[in-house]
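Asks: Okay, here's what each chain looks like letter by letter:
There are 2 protein chains.
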Amino acid sequence: MRFRHHVFVCENQRDPTDPRGCCSARGGEAVRAALKAELKRRGLQGSARANSAGCLDACEHGAVVVVYPEGVWYGGVRPEDVPEIVESHLVGGRPVERLRIRTYD
Amino acid sequence: MRFRHHVFVCENQRDPTDPRGCCSARGGEAVRAALKAELKRRGLQGSARANSAGCLDACEHGAVVVVYPEGVWYGGVRPEDVPEIVESHLVGGRPVERLRIRTYD
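These protein sequence lines are chains A and B, in that order. Residue 56 in this note's numbering sits at position 56 of the first sequence, with consecutive numbering throughout. Residue 74 in this note's numbering sits at position 74 of the second sequence, with consecutive numbering throughout.
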């Protein structure tokens, strides 16, 4: 595995009038920026990557994050959730249960 | 697992003068379009998703595709390679060896 964790953050943008909304409007970019900074701060850039993604088809749950190879989906993620995701999931191997989109397990 | 295969295709764009190049200039969008069409044609949209991705940090290998949860990386992918990836890997479970970026295994 090239990355121990490959983290995809939806940054899809839609027109503001689109009823589906989008993860960009729900803070996707800020979440990815926070994740990138936290990985750097903790020296984890070699083992985990904060990747931008297009639409992950989970618009109603935005901002959405999916972590592979585990296939763990998080919804409603805010930048302030990022340190917990990194500490508990990426470092400790324990997904952050309160943020999981359970229907996707 | 929400998707049996979640396929990320790099569509990152860089300035044409950037020496790293980018997957967009190497056909990333056409590869994803071909993959999306092939999945639809074969009725596989429910089990596999053709996702757009930002830079996958494999620029020299573009166009780059990574398939999760397996973590199989493909480089130099062209639209005409897509039916083989779908048939052999996504349907048959046998990655297309000639396209793999072996250093990422």
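Rather than coming from a laboratory, the hints here were simulated on the basis of the structure. Be aware that one or more of the hints could be misleading.
Where chains are identical, the list cannot tell them apart; a pair therefore holds if satisfied intra-copy or between any two copies.
In silico EDC-like cross-links for lysine to aspartate or glutamate, where the CA-CA straight-line distance does not exceed 20 Å [claimed, not checked]:
| id | residue 1 | residue 2 |
| --- | --- | --- |
| 1 | K40 | D18 |
| 2 | K36 | D15 |
| 3 | K36 | D57 |
| 4 | K36 | D105 |
| 5 | K40 | D57 |
| 6 | K36 | D18 |
| 7 | K40 | E60 |
| 8 | K40 | D105 |
| 9 | K40 | D15 |
| 10 | K40 | E97 |
| 11 | K40 | E84 |
Asks: All the hints need checking, so say for each whether the structure fits it.
Replies: Now the hints, each set against the structure:
| no. | hint | in the structure |
| --- | --- | --- |
| 1 | K40 <-> D18 | neither (35 Å within a copy, 24 Å between copies) |
| 2 | K36 <-> D15 | neither (26 Å within a copy, 22 Å between copies) |
| 3 | K36 <-> D57 | between (23 Å within a copy, 14 Å between copies) |
| 4 | K36 <-> D105 | neither (25 Å within a copy, 23 Å between copies) |
| 5 | K40 <-> D57 | between (28 Å within a copy, 15 Å between copies) |
| 6 | K36 <-> D18 | neither (29 Å within a copy, 22 Å between copies) |
| 7 | K40 <-> E60 | neither (30 Å within a copy, 23 Å between copies) |
| 8 | K40 <-> D105 | neither (29 Å within a copy, 24 Å between copies) |
| 9 | K40 <-> D15 | neither (32 Å within a copy, 25 Å between copies) |
| 10 | K40 <-> E97 | neither (24 Å within a copy, 33 Å between copies) |
| 11 | K40 <-> E84 | within (15 Å within a copy, 38 Å between copies) |
The structure fails hints 1, 2, 4, 6, 7, 8, 9 and 10 (numbered hints given earlier, in ascending order).
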